[in-house]
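Engineer: Input sequences plus hints: build the corresponding full structure.
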Amino acid sequence: MSRKLKLGVVGTGNIFRSAHLPAWLEHPEIEVVALCDVVQERAQKLADEHGIALVYTNYRELLRHGDIDAVDICTPNHYHSEVAVAALKAGIHVFCEKPDAVNPEKAEEMADAAAASGKVLMTMRNNRFTPASQYLKRYINEGHMGEIYTGRCGWLRRRGIPARAAGSRPRSCPAAVR
1 MSRKLKLGVV GTGNIFRSAH LPAWLEHPEI EVVALCDVVQ ERAQKLADEH
51 GIALVYTNYR ELLRHGDIDA VDICTPNHYH SEVAVAALKA GIHVFCEKPD
101 AVNPEKAEEM ADAAAASGKV LMTMRNNRFT PASQYLKRYI NEGHMGEIYT
151 GRCGWLRRRG IPARAAGSRP RSCPAAVR
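Here this note's numbering is used: position 16 in the sequence shown is 16, and no number is missing along the way.
Don't take each hint at face value.
[As the list claims (entries may be wrong)] DSS-like cross-link-like pairs, simulated, lysine-lysine; straight-line CA separation at most 25 Å:
| # | residue 1 | residue 2 |
| --- | --- | --- |
| 1 | 89 | 106 |
| 2 | 45 | 4 |
| 3 | 6 | 98 |
None of these hints come from the bench; they were simulated from the model.
Fair warning: this is a prediction, and the values are worked out from it, not measured in the lab.
Structural biologist: Set out below in structure tokens:
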């Protein structure tokens, strides 16, 4: 790659701070150039700590910034598809925290926007990179399981959709959707 991929982030809550940010900061081909969060102080604090120049409170403003190649979406689940579709329509690649969307119709909208834009849409599936998953993929590709015509997977979670942190803004995220 001749230059670093310029990344904008929408949602700087716990999943971003604990999982996404450390990975992006270590990646030699990624430069985080902008953060967006409805809690401006949270985004600004991270920007100051990591030398990130741009901070937004509205994702539409971030998407209008002309120098972003990809966006990492770490918002509450309800907003994943909305932000992803807008980013794809703006010609920006999308990496989205799971789940893709809150229903199949919204996931289809995301897929359609990706196909129409020619940009990459990838939703976080951290288990696809575990040694067990990589082994199973190789095993299947080597033909050891014959023709696979259906599959099923699941995810166990002690609690359902992650609860909002005490003292945080309501899930409606009004500033993000104006």
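Engineer: Please go over all the hints and tell whether each is borne out by the structure.
Structural biologist: Evaluated hints:
| no. | hint | verdict |
| --- | --- | --- |
| 1 | 89 x 106 | 15 Å, holds |
| 2 | 45 x 4 | 24 Å, holds |
| 3 | 6 x 98 | 22 Å, holds |
The structure meets every hint from the earlier list without exception.
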